[in-house]
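Student: Here is how the chains run, residue by residue.
8 protein chains.
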Amino acid sequence: MNEQQIRQLLQQVANGDLQPDNALMQLRDLPFENLGFAHVDHHRALRTGFPEVIFGQGKTRQQVLDIAERIIGHGSQMLATRLEETTANALVERFARAEYDALARTVLIPAADTPLSLPTGKIAVVSAGTSDLPVAREAVVTARAMGAKVEEIYDVGVAGLHRLLAYRDQLHTARVIVVVAGMEGALASVIGGLVNIPVVAVPTSVGYGASFEGVAALLAMLNSCASGVVVVNIDNGFGAGYAAALINRDTADGA
Amino acid sequence: MNEQQIRQLLQQVANGDLQPDNALMQLRDLPFENLGFAHVDHHRALRTGFPEVIFGQGKTRQQVLDIAERIIGHGSQMLATRLEETTANALVERFARAEYDALARTVLIPAADTPLSLPTGKIAVVSAGTSDLPVAREAVVTARAMGAKVEEIYDVGVAGLHRLLAYRDQLHTARVIVVVAGMEGALASVIGGLVNIPVVAVPTSVGYGASFEGVAALLAMLNSCASGVVVVNIDNGFGAGYAAALINRDTADGA
Amino acid sequence: MNEQQIRQLLQQVANGDLQPDNALMQLRDLPFENLGFAHVDHHRALRTGFPEVIFGQGKTRQQVLDIAERIIGHGSQMLATRLEETTANALVERFARAEYDALARTVLIPAADTPLSLPTGKIAVVSAGTSDLPVAREAVVTARAMGAKVEEIYDVGVAGLHRLLAYRDQLHTARVIVVVAGMEGALASVIGGLVNIPVVAVPTSVGYGASFEGVAALLAMLNSCASGVVVVNIDNGFGAGYAAALINRDTADGA
Amino acid sequence: MNEQQIRQLLQQVANGDLQPDNALMQLRDLPFENLGFAHVDHHRALRTGFPEVIFGQGKTRQQVLDIAERIIGHGSQMLATRLEETTANALVERFARAEYDALARTVLIPAADTPLSLPTGKIAVVSAGTSDLPVAREAVVTARAMGAKVEEIYDVGVAGLHRLLAYRDQLHTARVIVVVAGMEGALASVIGGLVNIPVVAVPTSVGYGASFEGVAALLAMLNSCASGVVVVNIDNGFGAGYAAALINRDTADGA
Amino acid sequence: MNEQQIRQLLQQVANGDLQPDNALMQLRDLPFENLGFAHVDHHRALRTGFPEVIFGQGKTRQQVLDIAERIIGHGSQMLATRLEETTANALVERFARAEYDALARTVLIPAADTPLSLPTGKIAVVSAGTSDLPVAREAVVTARAMGAKVEEIYDVGVAGLHRLLAYRDQLHTARVIVVVAGMEGALASVIGGLVNIPVVAVPTSVGYGASFEGVAALLAMLNSCASGVVVVNIDNGFGAGYAAALINRDTADGA
Amino acid sequence: MNEQQIRQLLQQVANGDLQPDNALMQLRDLPFENLGFAHVDHHRALRTGFPEVIFGQGKTRQQVLDIAERIIGHGSQMLATRLEETTANALVERFARAEYDALARTVLIPAADTPLSLPTGKIAVVSAGTSDLPVAREAVVTARAMGAKVEEIYDVGVAGLHRLLAYRDQLHTARVIVVVAGMEGALASVIGGLVNIPVVAVPTSVGYGASFEGVAALLAMLNSCASGVVVVNIDNGFGAGYAAALINRDTADGA
Amino acid sequence: MNEQQIRQLLQQVANGDLQPDNALMQLRDLPFENLGFAHVDHHRALRTGFPEVIFGQGKTRQQVLDIAERIIGHGSQMLATRLEETTANALVERFARAEYDALARTVLIPAADTPLSLPTGKIAVVSAGTSDLPVAREAVVTARAMGAKVEEIYDVGVAGLHRLLAYRDQLHTARVIVVVAGMEGALASVIGGLVNIPVVAVPTSVGYGASFEGVAALLAMLNSCASGVVVVNIDNGFGAGYAAALINRDTADGA
Amino acid sequence: MNEQQIRQLLQQVANGDLQPDNALMQLRDLPFENLGFAHVDHHRALRTGFPEVIFGQGKTRQQVLDIAERIIGHGSQMLATRLEETTANALVERFARAEYDALARTVLIPAADTPLSLPTGKIAVVSAGTSDLPVAREAVVTARAMGAKVEEIYDVGVAGLHRLLAYRDQLHTARVIVVVAGMEGALASVIGGLVNIPVVAVPTSVGYGASFEGVAALLAMLNSCASGVVVVNIDNGFGAGYAAALINRDTADGA
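For the protein sequence lines, the chains are C, F, A, L, R, V, Y and Z, in the order given. Heads up, the first sequence is in numbering that gives the first Met the number 0, so the first residue is 0 and it goes up one at a time. Heads up, the second sequence is in numbering that gives the first Met the number 0, so the first residue is 0 and it goes up one at a time. Heads up, the third sequence is in numbering that gives the first Met the number 0, so the first residue is 0 and it goes up one at a time. Heads up, the fourth sequence is in numbering that gives the first Met the number 0, so the first residue is 0 and it goes up one at a time. Heads up, the fifth sequence is in numbering that gives the first Met the number 0, so the first residue is 0 and it goes up one at a time. Heads up, the sixth sequence is in numbering that gives the first Met the number 0, so the first residue is 0 and it goes up one at a time. Heads up, the seventh sequence is in numbering that gives the first Met the number 0, so the first residue is 0 and it goes up one at a time. Heads up, the eighth sequence is in numbering that gives the first Met the number 0, so the first residue is 0 and it goes up one at a time.
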C-alpha cells in the first residue's frame, strides 16, 4: 500500500465516505492470505506481473498443491522450484497449463490471459561444466517466467579457453550474463574481464574435496578481480535468474 | 579486438594493403602498456567511457603516481581507491582536476572534455549504520564517476524500522539499490522484500566478536529470503558502485 | 541439598538423633537413580514442578521407555523430544495420558494430579517460514509443558514485511518472544527492533548452500543490531521454549 | 506509532480537525532526528524509560559528543559504551552528571529528574576469570542503567569448583544470571545445571590458540547441556546486561 | 632393531660369523610382513606385550580376517576396532577366544598363554551422557586389552553436578581419568579442576547444530582452564584408552 | 591454433588462396565438438598424445557412453575416472580394448595403433595406509595411461617408520614421487625430507573426527617443512598422476 | 574438603565439640582468598606440593605482584607464565629467590624449605624447529617446577629425519615425551611411531599461510596415526609441561 | 648414509679395519652440526649442489648470522629468505659475495668456486597483479639459486585476458610454470588450460574481505578444473621456486 493509496483512503475518511474504524481495518487488510502453515502474498505478483514463487524444498506435496491452488485461483502465474519429481507430476496432473522442466526441477504455470510485455534485452546463461546444468536451467526457467529472452551457452569452462572465446559475440550483446560454475569458479572472472555488462555469478556445489560443497567457487566469485561481478548463494539458480530478469527489465519498481 | 576488426584486417591482407607479418603483429599489438611492474589497460576505458581504476591498496605512492601519469596521458578519466592520505594528497597536488573524498578514500580525476551522457535512472545507496559510511561513500563516488545519479540514505538499520520506512518512496523510484550493512546484515533482506528492484548488497566488516570481520553479514546477504539480492565482497564499496552503474546503464556492452 | 537441609541434618547429629556415619551417607544420598546407562535426576522435577525431559535423539526405543517408566513412577510429568515416530507411538501405547505432537516430534505426559499454577504472562512464538514449523512447535510444546500460555504466529518472514507488521499488537503484549528463523535469520533483528521485550532467537537449519546448516542464521542472530536478543543453538526449539518459560515465570529459583 | 494513535489521527480527519495531507505528514513524521551521519531515535527511550545508547566503537569523539548533545537535550538518560578514554573524558567534562567506568569503558548520564521505579528482582553477574572483568562490568553498568539491582561474583571458574559452590545461595535468589567466561566457557553449563533461572551467557575473547578469539566459549555455551542457557555475542557485555534487565522487568512492552 | 642388536650383528661380522652382504640383508630385513595391501608390524606387539590393533573402518571383512590370521599366527593378542557387526561375527566364528563387545564395536582376541603382569594403578573412564557410551566403551576395552584395571562411571554430565560429586573418591584414587563428553564438553574441565591426575579428554560427536559433529567439545577441551587435561581426536575412544594405558604402565619404553 | 598456423592462414589470404570470410571461419573453427550438454575438446589429446579424460562423477551412464563414443571415433585413447560400477561395465561391454580397474574406479581405452614413446624416468606412488589405496590406484592408472613407468609402495605410514625406510632406494631412483595419505598426512613431509625429488602430495579423506574429510592432511601437506612438496586436492589421485606424468615427460609443451 | 574431613567434623558435632552453625560455616569456609579481582586458591598448592600458577597474559603488573605476594605469603612456591618483561623484572626485584627465564617468559619462585621428593622418571621435551623454542622452554620450566627431571632435544624436525633418529635412545628411556612442533606438526606422529611412551603434543603457531596460526599442526596431532599421542592447546607449553609432570609422578591424587 | 656406504663400512669391519664399536659410532655420526638452537644439515647441500636455506622468519639477526657463518664455512652456497631489512644488510656487510633482493626479501651467497651445471629447460614465473610481485620474486631468486633459467611475466591477471594471451609462446616453451595470484586465483586455471606443462600455483594473501588472507585463492587453485596444476602454501614463493627447480632438473635424486 503506497502513499497514493493512503492519501485516497484518508480523503475518503475526510469526506465521510469511510468510517475511521473501517479505514483502520483497510490499513490492516493487507493482501496476503493465511493458510495456517503459510501466508500467501498475492500483493507482489499482482503488482509486478511476475509469477508467485513456491520454494518446494522442505515442503510436502500436499502443501505445494494447496499453495498452488490459491495462487492459480487468484489468476497469477506461478513458478515452483526445487520440486521432488512426484510433486512436480502432481502439479502437472492438477493444472492443465503446467510446464515441467525435469533438469531444472521446476514447474511453471503461466497466467491464462495476461501476456507479459517482454523487455528488449536478453540474458545469457553460461555454465562451466555439464554438471552445472541443473542450476543453469533453474536460472533459465526463472528468467523466462519473468518475461526475459535467454540464450544458453554450456560447458565452456576455462580449462579450454578457446571454447569460451568462440561465444564472445553472444556475450557482448547480452544485457546481463548469468555465469554458473563450480570447482574453482574462475569462469565468472574471465567473462567479467571480457565484457562490460553486469555478471551475476552462481557458484555450484559441483566439485569434491576442498571445494567444500561450493565454498571454493563462492569465495572465488566474491573475490573476482573483474569489476561488475555480483554473486548469489551456492546453487541458487533461481536467485540468479530472478536478479538477472530484474536487471533486464530496465525500469524502476512500479509499485 | 572484435570480429569486425579482424574481418577488416583480413580484408586488408587480401587486398595486399597489409603484409601477413604486419597483420600478425597487429593481432598481437594489444592496447596495453607495460610499466615493468604493471600492465595499464587503456582498452577498456577507451571503449566504455568508464574511468580507469587504480586499486591503491598495497601499491606505493610512486607506483600510483606513475600509473596515474600514463592514464591521464591517454586522456582517460581516472578513479583511484583505497588510498593512503599521503598518496591522495600527492595526486591532488599533481593533477589539477583531482577530487579527493577523504571518507571514501578515493581520488577521481575526470576527463578534460568528454562529458558522459548520463543514464536516466538513479541509484540509491543505503547504509545501516554510521560506521558503514566509508564503504557506502566508496560506492557513491564510483557510481558517480561512471555517470550515475546517486541518492544517499544513511543510518537506517533494521533496529529502528520506522526510520527506513520513511524513505520508502525514494527506494521505489531507484533503478538499483546498493545496501551497505555490517553486523547481521538484515537490511538487505528487508529492503529486498520492500521493492522489486535489483539490490546489490555490500557486507561490511563493522561489528565485533562473531561478526568475524563481516562474514556474518556476508552469509546473511547470500542467504537472503528476498529475491533480487546479489552480493559483493566484504567492504567492497567500489565493486557495488561499479555493478550498480553497469545495471543502471540499461544497454548491452558496446565493445 | 540446600543449606537449610544441611543445617537440619547437622542439628539431628547434634541432638544425637542421627549417627555421623548415617549423616555422611545422607550427604551422599543424592536424589538421582542409576539405571546403568543413565542417571535419572528426580530432584529438579520435584523441586520446580517442571517436567522431566528425555532427549530422545540417539537413544533406543527401549531406553526411552525405561527412563519414562521411572519418571512416571515418581509422579512427575514428563516431556520427551526428538522422538522417532515408532518410539513416540510406543510411549502413547504405554502411557494413557501421553500427548504426541507429530510435527514437534514430542510426547508430553502430564502429571496426574498437580496442576501447575500458570504464570500470568504469555509467550509469542514466531516463525519466518513454513519449513521452520517443526522447531517452532517444539518450542511451543515445551513452553506449554512448563505452564506457559503461548501464541503462535507463523510464516511472517522479512521478505514480506507487511505480514509481520500486521501482528504488531500481539508482539507488544507478550512477556517474551521466541523467534524461529533459518536462511539469513533477519526476523530476530526486525522483531527485536520493534519491541522492548526479551527475544529468544532460534536459528534453524532451513536454507541451502552458504546457510551452512543454520550457521548463517546463527551468526546473524548473535550479531543482531537490536538490543535484547539472545540466542540458542541451531534447531533448538526445546531450549528456546524452556528459556522462555523460565523468563515468563517471573520468580527466582525456589530451590 | 501504534494502532491507538492511528485511530485517533483518523478520528481527527473524520472530525475535520485534521487535513488529509497533514495527517499523511504526521504518519510520516516519525520520532527520529537526522544528524546527517546518524539518525537519533528518541522514540524508544521516551517510551521505555531506558537510556539511549551510543555504541562508541568506530565513532569519532566529535560524533559521540554530537549525538550525546541531542540525547541529553531531549531529557533522556544516556549510556555510551566501548569508549576510548579520551572520548569518555570529553563526555565527563561536558556533562556534569556523567559517570565514567574505566574498566567497563562506559559513560552513563542519568536523567535529571525521572527516577526509575526499580524492579524487585536482582541480577547476578558472574565471571570465570579476572580477565573477563571488563565484559562483566559492561553488563553490570548496563543493567544498572536500566534500573536493575545487580550482584557481582568474579573469578569463580570451574577449575576451582568450591569457589563457585560457596556462592550457591546468591545464585538461587537471583531473577536472572549473567555468566561471563572465556576459554572453554564451561561456567555457563555448570551454573545452568545448579539453578532453574534464565542464564544469559557471554563468551569472552579471553584465551589463546584454539580459543579462536572466543569461538570456543561461544560454541560451548550454545551447546550447553543445561536447559535455560541463552547466549549473546562474544564480549557483548552490553547485550547481556540489556537482555537481563528486560527479563528482570517482569512486564510486557508498554509501547 | 635397536642398538644392542646392531652391535651384536656387527660383532658377528667382525668375528667372520656373518658375511657383510648377509648383514646388510638383515639390516634391511625388518620385522614386518607384506600382505600386498597391508604391512603387518609384528615388531611392536612382540616388544611391548600390547595387542596388535586392526582399525576396522574402511577395511573389508576379508581384509580384516586376513590380517587377523597373520597376527594370531604370530601368537600375539589382537584388538580390532570400529567393526561392522558382520565382520565382528566373522572374527568370533573364526577365532575361539574372540570376545565381541557390540557397544564398543570391538573384538579382542587375547594371547593363548602369556598373561600380562598388570600395572597396580587403575583408570577411571567417565562419560557425560548415555549417548557417549560407545566411545567410552571403546576406551574401556582398549585399556583392558593393554592390561589395565578400569572403573566406569557413566552419565554424570555437569548439568547435574551432584551426580558427579558423588563419585569424587573414585576419581581421586585413579592413576589417570578418561573423560568422554559431547555437546559443550565441560565435564573435562570440571573433573580436571577436582583432581591432580592426568585427564585424557575425548570429545564426542554427540550433539546437534553448532556442536559441529564434536568440534564444540573438542575446542572446549583444548581450552580447558584446568591444568592436566590433554585431548585426543573426536570419538577416539581407542586413542584415549591406549594413551591412558601407557600412562598407567608407570615405566619407560622397554624397547 | 598457434602463431605458425595463423601465419600460414594469413599467407593463404594474401595469396588469394583463401577468402577473408573463410579465414575468419577457420579462426573460429576450433577443434571441439558440441554435444549439447558437453563440448568435447579433441585438440588437447591430438596434440599431446595424452588420453582424453572423462570425469565420471555426476554424469549419467548414457552421457559417459556418448562422450566416449566421440572420443574413440577420433582415434584418441580415453581415460574415464570416478565411474559407477555399472557405467564401467557398460564401457567394457561397448569397447573391446577397455581396461577396467575396480579399485581405482577407472576405465582406460588405449588407442588402437599409436604406442606412446615412453619417458625414461619412473614415478613412485606411495600410500600411508590400506584405506588410501583407491586414490593411489587412480594416480597409478592415470600416470600409466600417459605413458609413465610406475612403482607402487603401499601401507608405509609414519607410525612404523622402519617400513618406509626399507624402500629408501626405490624412492631415490624415482623422477617424481606421488605420496597419498590421510589422517595427519605426515608421510609427505617425511618422504620430502628423505629425497631431493619433486613430491606430489595427495591428501585423502581417510580419517575421522577432526580430520574433517581430509582437511587435516591437506593443511599438513601445504605446511610441509620439507622443500619440494606440492599438493593437489583431497582424494585427487587423477590430478596427482597427471601432474606426475607431466613432470616425468622431461620436455616442454609441444603445442 | 574430603570425606574424611567431613566425617571428623560430623563427629565433633556429635560429640558436642562443635555447634551445628559453626560446622555449617566450616563447610562453607573453603581455602581460597578473595582479592576482589581474583580468588587465590591455596588449597591445591598446599595439597600437592605443586606450585601455584599465575597466568600472566592479560593481567597488569600490579595484579601479578599482588597475587604473588599472597602466594609467597602462604609459603607456597609459585610459577608465573606469559609475562611481559617488565612484569618479570618486577617479580625478580621483589622476590629474592625468583628465577626468570626470558625465552620461556616465566618466573619461578621456589618454596623456601620444602624440597620436593623427585619422581624417578624423566621427561624428554623435543622441538621441531628453532622457532618452537619459547613454547618448548615453557614446558621445560613448568615440568621442572613440578619436580621433574627434563631432557631437551631441539631442532630435530622431520625434514631431516637422521637428526631425530640420532636421539632414539634418549627418547626410549623417557617416562613421557613432550613434542613441540608448528607447521605440519608431523614430528608428533613420527616420535609416537618410534616409542611406546605417552606423547604430549603441543602445536605451535609457527608457520604461515595455511598453517592458520597453528591450526594445521593442531589437526595433524589430533589425527596422528601413531597411538599414544595426546594433544594440548596451540602454544600451550605450560599445559604440556604440567600434564607431563602429572604423568611422570606415577601416583594417584593424594588429595 | 646410503646402502653403498653401509656396505663399505661393513666390509671394513669384516676386514678387521674397523672395530664394531667404531662402526656403530659412525652409523650414528650423521652429518649435521648442533649449534644449540639449531641443527645445520650440511648433508643435503653437499650432495645436491643446491644452496643451504635459512628461513629467516622468526629468527633473530644473530641467529641468522651464526647459521650463515657455519654454512659458508663449509663452502656451500646459501639462500636466506623472509629477511628483515636489517638482517639482510648485516649479511651483505659480513659476506662479500652476498646478493640482496629487497623485493623478494632474500640474500643469496653463491659458492666461491663450484659453478652449477645448468639444466637446459627454463621456468616461467607469472603473476596476476603488481601486489603479487614479492612472492613471485622469491620464487625467481630461489629457482635461480638452484641453477634454473627463469623468465618473468607480471601483471597479466584474467581481468584483462588479452594481456596474458600475448605471452602464449613464452608459456608453451617453458619446462614448468610458476603462477602467482591472489584474490580469486583464477590465473592458475587459465594458464593450466592453455598449456600441457606442470603448473606450480602459489596463492598469495593479496585481496581483502572474503579472500581470507589467501584462502580463496588457495581453494581455487586446489579445485582447478585444469589438469597439471599443483599447489603450495599461501605466499610460499620459496617453495614454488624450489619445486619448479626440482622439476626442471630432469634427473632423479643422485643421493
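Any given hint could turn out to be false.
Unchecked claim - Keeping only pairs whose Cα atoms sit at most 25 Å apart, straight-line, the calculated SDA-like set for lysine to any residue is: (1) R:K121 to R:A110; (2) A:K121 to L:A101; (3) Y:K121 to R:H171; (4) A:K148 to L:R167; (5) Z:K121 to V:E84; (6) R:K121 to Y:D100; (7) R:K148 to Y:D100; (8) Z:K148 to Z:A101; (9) Y:K121 to Y:A95; (10) A:K148 to A:D168; (11) L:K148 to A:E151; (12) R:K121 to Y:T119; (13) F:K148 to C:T119; (14) A:K121 to L:P118; (15) Z:K121 to V:P118; (16) Y:K121 to R:P118; (17) Z:K148 to Z:A110; (18) L:K121 to A:G120; (19) Y:K148 to R:L164; (20) Z:K148 to V:L102; (21) C:K148 to F:S204; (22) R:K121 to R:H171; (23) R:K148 to R:L164; (24) A:K121 to L:K121; (25) L:K148 to L:A101; (26) F:K121 to C:G120; (27) L:K121 to L:R167; (28) Y:K121 to R:E212; (29) Y:K148 to Y:T85.
Don't read these hints as lab results, they were simulated from the structure.
Student: Does each hint hold? Answer for all of them.
Tutor: Status of each hint after checking the structure:
Restraint check for R:K121 and R:A110: satisfied, since their Cα atoms lie roughly 22 Å apart, inside the 25 Å limit. A hinted pair counts as satisfied when its Cα atoms are at most 25 Å apart, and A:K121 with L:A101 does not qualify at roughly 40 Å. Of the supplied pair hints, the one linking Y:K121 and R:H171 holds, its CA atoms being roughly 24 Å apart against a limit of 25 Å. Taken as a hint, the A:K148 and L:R167 pair is broken in the structure, with Cα atoms around 31 Å apart against an allowance of 25 Å.
The straight-line distance between the Cα atoms of Z:K121 and V:E84 is roughly 43 Å, outside the 25 Å bound, and the hint therefore fails. For the suggested pair R:K121 and Y:D100, the alpha carbons sit about 37 Å apart, so the restraint of at most 25 Å is broken. A C-alpha spacing of about 41 Å is found between R:K148 and Y:D100, which places the hinted pair above 25 Å, so the restraint is violated. For the suggested pair Z:K148 and Z:A101, the alpha carbons sit about 20 Å apart, so the restraint of at most 25 Å is met.
As the CA atoms of Y:K121 and Y:A95 are separated by approximately 29 Å, the hinted pair breaks the 25 Å bound. Under the criterion of a C-alpha separation no larger than 25 Å, the hint pairing A:K148 with A:D168 is consistent with the structure, at around 16 Å. Taking the CA atoms of L:K148 and A:E151, the gap is near 33 Å; set against the 25 Å cutoff, the hint is violated. Between the alpha carbons of R:K121 and Y:T119 the distance comes to roughly 20 Å, so the proposed pair stays at or under 25 Å and holds.
With a CA separation close to 23 Å, the supplied pair F:K148 and C:T119 stays within the 25 Å bound. As the CA atoms of A:K121 and L:P118 are separated by approximately 19 Å, the hinted pair is consistent with the 25 Å bound. Distance check on the hinted pair: Z:K121 and V:P118 sit about 19 Å apart at the alpha-carbon level, within 25 Å; holds. Proximity of Y:K121 to R:P118 is assessed by CA-CA distance (about 19 Å); at most 25 Å being required, the pair is judged to hold.
Pair hint Z:K148 plus Z:A110 holds up; C-alpha atoms about 18 Å apart against a cutoff of 25 Å. Restraint check: the Cα-Cα separation between L:K121 and A:G120 comes to about 19 Å, which is no more than 25 Å; the hinted pair holds. Distance check on the hinted pair: Y:K148 and R:L164 sit about 34 Å apart at the alpha-carbon level, beyond 25 Å; violated. Of the pairs offered as hints, the one joining Z:K148 and V:L102 is violated, with about 42 Å between alpha carbons and a cut-off of 25 Å exceeded.
This hinted pair does not check out: C:K148 and F:S204 have alpha carbons roughly 38 Å apart, beyond 25 Å. Distance check on the hinted pair: R:K121 and R:H171 sit about 11 Å apart at the alpha-carbon level, within 25 Å; holds. Only pairs whose Cα atoms come within 25 Å are accepted, and R:K148 paired with R:L164 is accepted, the gap being roughly 22 Å. A distance of roughly 22 Å separates the Cα atoms of A:K121 and L:K121; the hinted pair therefore holds under the 25 Å criterion.
Pair hint L:K148 plus L:A101 holds up; C-alpha atoms about 20 Å apart against a cutoff of 25 Å. Proximity of F:K121 to C:G120 is assessed by CA-CA distance (about 19 Å); at most 25 Å being required, the pair is judged to hold. Restraint check for L:K121 and L:R167: the C-alpha separation of about 15 Å stays at or below 25 Å, so the hint holds. Distance check on the hinted pair: Y:K121 and R:E212 sit about 38 Å apart at the alpha-carbon level, beyond 25 Å; violated.
Restraint check for Y:K148 and Y:T85: not satisfied, since their Cα atoms lie roughly 29 Å apart, outside the 25 Å limit.
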